[in-house]
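Here are the chains, one letter per residue:
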Amino acid sequence: MTSWNTPAEVLVSAVELAARCGGEVVGSPEGSLGGVAPLESAGPDKLAFLSNPKYLSQVHDTGAGAVVLSRADLDKLGADSDGRTWIVSANPYAFFARAAQLFAKVREVQPGRAASAHVAPDAVVPDSCEIGPFVSIGAGAVLGERVRLLGHVHIGEGAAVGDDSVIHPHVSLYHGCVIGKRCIVHSGTVIGSDGFGFAPDFGPKGGEWVKIPQTGRAVVGDDVEIGANCSIDRGAMADTVIEPGCKLDNQIQIAHNVRVGAFTVIAGCAAIAGSTTVGKFCMIGGSANLAGHLTVADKTIISGGTSVTKSIAKPGQYTSVFPIMPHGDWEKNAALVRQLSSLRERLRKLENLFKSNSST
Amino acid sequence: MTSWNTPAEVLVSAVELAARCGGEVVGSPEGSLGGVAPLESAGPDKLAFLSNPKYLSQVHDTGAGAVVLSRADLDKLGADSDGRTWIVSANPYAFFARAAQLFAKVREVQPGRAASAHVAPDAVVPDSCEIGPFVSIGAGAVLGERVRLLGHVHIGEGAAVGDDSVIHPHVSLYHGCVIGKRCIVHSGTVIGSDGFGFAPDFGPKGGEWVKIPQTGRAVVGDDVEIGANCSIDRGAMADTVIEPGCKLDNQIQIAHNVRVGAFTVIAGCAAIAGSTTVGKFCMIGGSANLAGHLTVADKTIISGGTSVTKSIAKPGQYTSVFPIMPHGDWEKNAALVRQLSSLRERLRKLENLFKSNSST
Amino acid sequence: MTSWNTPAEVLVSAVELAARCGGEVVGSPEGSLGGVAPLESAGPDKLAFLSNPKYLSQVHDTGAGAVVLSRADLDKLGADSDGRTWIVSANPYAFFARAAQLFAKVREVQPGRAASAHVAPDAVVPDSCEIGPFVSIGAGAVLGERVRLLGHVHIGEGAAVGDDSVIHPHVSLYHGCVIGKRCIVHSGTVIGSDGFGFAPDFGPKGGEWVKIPQTGRAVVGDDVEIGANCSIDRGAMADTVIEPGCKLDNQIQIAHNVRVGAFTVIAGCAAIAGSTTVGKFCMIGGSANLAGHLTVADKTIISGGTSVTKSIAKPGQYTSVFPIMPHGDWEKNAALVRQLSSLRERLRKLENLFKSNSST
Chain A
1 MTSWNTPAEV LVSAVELAAR CGGEVVGSPE GSLGGVAPLE SAGPDKLAFL SNPKYLSQVH
61 DTGAGAVVLS RADLDKLGAD SDGRTWIVSA NPYAFFARAA QLFAKVREVQ PGRAASAHVA
121 PDAVVPDSCE IGPFVSIGAG AVLGERVRLL GHVHIGEGAA VGDDSVIHPH VSLYHGCVIG
181 KRCIVHSGTV IGSDGFGFAP DFGPKGGEWV KIPQTGRAVV GDDVEIGANC SIDRGAMADT
241 VIEPGCKLDN QIQIAHNVRV GAFTVIAGCA AIAGSTTVGK FCMIGGSANL AGHLTVADKT
301 IISGGTSVTK SIAKPGQYTS VFPIMPHGDW EKNAALVRQL SSLRERLRKL ENLFKSNSST
Chain B
361 MTSWNTPAEV LVSAVELAAR CGGEVVGSPE GSLGGVAPLE SAGPDKLAFL SNPKYLSQVH
421 DTGAGAVVLS RADLDKLGAD SDGRTWIVSA NPYAFFARAA QLFAKVREVQ PGRAASAHVA
481 PDAVVPDSCE IGPFVSIGAG AVLGERVRLL GHVHIGEGAA VGDDSVIHPH VSLYHGCVIG
541 KRCIVHSGTV IGSDGFGFAP DFGPKGGEWV KIPQTGRAVV GDDVEIGANC SIDRGAMADT
601 VIEPGCKLDN QIQIAHNVRV GAFTVIAGCA AIAGSTTVGK FCMIGGSANL AGHLTVADKT
661 IISGGTSVTK SIAKPGQYTS VFPIMPHGDW EKNAALVRQL SSLRERLRKL ENLFKSNSST
Chain C
721 MTSWNTPAEV LVSAVELAAR CGGEVVGSPE GSLGGVAPLE SAGPDKLAFL SNPKYLSQVH
781 DTGAGAVVLS RADLDKLGAD SDGRTWIVSA NPYAFFARAA QLFAKVREVQ PGRAASAHVA
841 PDAVVPDSCE IGPFVSIGAG AVLGERVRLL GHVHIGEGAA VGDDSVIHPH VSLYHGCVIG
901 KRCIVHSGTV IGSDGFGFAP DFGPKGGEWV KIPQTGRAVV GDDVEIGANC SIDRGAMADT
961 VIEPGCKLDN QIQIAHNVRV GAFTVIAGCA AIAGSTTVGK FCMIGGSANL AGHLTVADKT
1021 IISGGTSVTK SIAKPGQYTS VFPIMPHGDW EKNAALVRQL SSLRERLRKL ENLFKSNSST
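Keeping their order, the protein sequence lines are chains A, B and C.
All residue numbers for the first sequence refer to this note's numbering, where the first residue is 1 and numbers rise by one.
All residue numbers for the second sequence refer to this note's numbering, where the first residue is 361 and numbers rise by one.
All residue numbers for the third sequence refer to this note's numbering, where the first residue is 721 and numbers rise by one.
Note that these hints are calculated values from the structure, not bench results.
In this text, a Cβ means the ideal position worked out from N, Cα and C, and glycines have one as well.
Careful: at least some of the hints might be erroneous.
Result set (EDC-like, lysine to aspartate or glutamate): computed pairs, CA atoms no more than 20 angstroms apart in a straight line [claimed, not checked]:
(1) C:Lys-1069 x A:Glu-345
(2) A:Lys-181 x C:Glu-928
(3) B:Lys-414 x B:Glu-390
Cβ-to-Cβ under 10 angstroms is the rule here; a few derived chain A residues that face chain C [as the list claims (entries may be wrong)]:
(4) Gly-43
(5) Ala-104
(6) Phe-134
(7) Gly-151
(8) His-152
(9) Gly-227
(10) Gly-268
(11) Gly-286
(12) Ser-287
Make the full structure from the sequences, and use the hints.
Set out below in structure tokens:
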């Protein structure tokens, strides 16, 4: 039995760490490191990082055994840098993340199948997989090598999960849907539920919303992480697609036939309505919502809480949030927002009066 | 083993299709159809549909074997319609949906009970039901005929599910709650969790939020579809009610003692706070939120992202979304929103000055 | 087999009820009570309550066997109060809540372990616990006395749940995370999923979002209730903390390293981004969202639907909601919001013209 996140027992020299994570030791090569920590609390066996020059002063006082930073920031320190251990990296934050992964010793796959798991006879489940308790795997489903289903996971008929993916408890992957390689899906997420499509058919005698069968799939590319309690619907006829390298936070809603471009990141509680296409390398803020049938350009940034009501053709940051204020002020200003057309009308009148007055 | 969404093996003649879905063949009755597709990609064995006259030009070029459309749109085509197969319907979109259902051959009930299911001895589970792996059914629960619980479903004590309903994996139906007939509930949805009710009782020495027992039920009517990861709380004393024919998308929050009127549709991530009553045939947009204790008239449309802060007595569309703009523009305009009262004051002064000036 | 929420069989005298819930009988001590009900529908065996003086007139007409109210409100009734049973309490609403608890006879712990439960050999599970079907408890996990895991619950390795807590079906508690004593966690909630942390590392040849290991915990204090389908992420290095006495509604997102102060209440679908600290005794409205790295003062009230984009140092109520209006009006006013800087410019010009005109 292995536990998660065991603190590293073995110290790594700064030189070895630099080599493994893509940096170079400058100054004293003596330091030995056993973990990562913030500048302000790091001890002599910890690596800290500086990615924003405005925290340079914290570097003076840190007790960290080594600090990873950019060449430019090290130069700024000048004489202050003497006698200490520095790791210079082109991307100190990414170096820090890789070092943290190394120290965190994330729990590895433990091949085997819980006695309580329910696996259809014709499902493909390699011996290298870890199948936890109360997992059900439907007929015709296909798992790659070293897939981990950590308990209570439902894999629908004919669904597929790629090599080295980790699926946390209580995830539902509907029939025929696909998760790529090296993905992480957190608990409670649903992939492949029916899209929201109904044709109204009401007459004088009543009627119904006629369900439009959702016969497409939900397809999640390689290296995607999806947080807890997300919902990614299958497509109506074509597929819903999350392209490779995307990262989704918790409680995100992706409607049918949406396409999210590669490497786009989406923060918690955002929602994308049906048939909208989001470009690559976009950043969508928390609780933002995008209307349906839109196109959003690559590298667009949507601020948190923003409602996107039309397509965005030009990259940049976009916002639609009423400014926060004390409630009493809000009552006054919100009332005036309702009267903006009449305010403008009064302004126009005054302008006209002034003009006619001046001309007399 | 049956798979989902098998493509139809058998072709249906246009005439038979028209008869089964409520339309009439006009022009060539030769076509045989095996599925549905969009106008732009349909092949000769596919049915396409035209519901919006602005896509009439696409009809010229479609390779579809048949197109369902309204009589008026067919008339507009005039000579263009010669020699092809048309199906005329009063509601082409609903015809299309019904045809799609027919072709999709949605997976049917497979009566039986997984060995791993846990069914209380006194629960009523007809032989026609399909009970998947790891389903638990509590004491006194009652299922109708042909109910499908597709695995990992929790049916609480004394809860009930009506005939022909389909409950996807990881759904929780709390004790005593009710789902009607022909309902579909997607994965991760919770029905009957406690409403959010607490009485504050704090004094100088501390205190607590005293829980108000939630003794009502959550009651979902017939023909309701509920998407993934929704939460429908039970009522405090009376019930929370979703009336028949409603359609709810994913991640919708329905608080205690809410009533949603028949045939109302609610898009993803919308939330309705406690004791609010929504009328019949309403359309609530995605990520909209309704405050508590409101009444919303029948046939009201709430735009996506809208916060409903007061009751709505008159049908129509309502909106409360700050307009989206580039972030730099937003910074300027949002700052001015905070100053609207002072802008108005300046305008007023100017008006007064102008008046007094003019009168001198 | 016990059922939930059984109506009380035994009537309690008003005098006994007052003694048990913290009040005093005034007027006739004759009444015997078997439940609670609203003023307008209560019968002679029911307790009703008056907490808002504006409903005093309803007290005249109520058929309730007893009414709990404040001394001040009773005095206002004067002669109207003669011959009836009153219970005077400093906090009638809290008295009512406690009485309701007493009558509701909430289902009690039924010690035992379902045959289908999967409990690691070294997990600590006292005999007083109730472990439902399909529960999995990981290695090294520790449950307190009388903990109830009501089925389909996942308790990760080394996680802990305190005495008398109730965990509803389909909850995931990740490895190493902690739930306090007397907590209630509703279905579908996820506690301890990875926080959303990635370091961008992209170059001309491509790149990736490098995952930052989330090695902190999620720690939930005593007496916390968490609704359905919430997501509470574990911290990046330090912990995410929900302090004691908090109450969270459904579908709430708490990001990594957030701290929510004691006794704060959060309504449904609210979201708090990473590293934000919310004070004690705050009230956060439904569908509100807080940006990351903020500090919110104790006793702050955030209106429903509000986006909090900066720290709040001073208690009070804050709002950021565009006022709702008919969609046609919205189109006009929203267009003007985009032009506020030009409106102000026009006003300024007019002011200047006026000044120069006056001075000539």
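Outcome of the hint check:
| no. | hint | verdict |
| --- | --- | --- |
| 1 | C:Lys-1069 x A:Glu-345 | 16 angstroms, holds |
| 2 | A:Lys-181 x C:Glu-928 | 14 angstroms, holds |
| 3 | B:Lys-414 x B:Glu-390 | 27 angstroms, violated |
| 4 | Gly-43 | 13 angstroms, violated |
| 5 | Ala-104 | 4 angstroms, holds |
| 6 | Phe-134 | 5 angstroms, holds |
| 7 | Gly-151 | 5 angstroms, holds |
| 8 | His-152 | 6 angstroms, holds |
| 9 | Gly-227 | 6 angstroms, holds |
| 10 | Gly-268 | 4 angstroms, holds |
| 11 | Gly-286 | 5 angstroms, holds |
| 12 | Ser-287 | 4 angstroms, holds |
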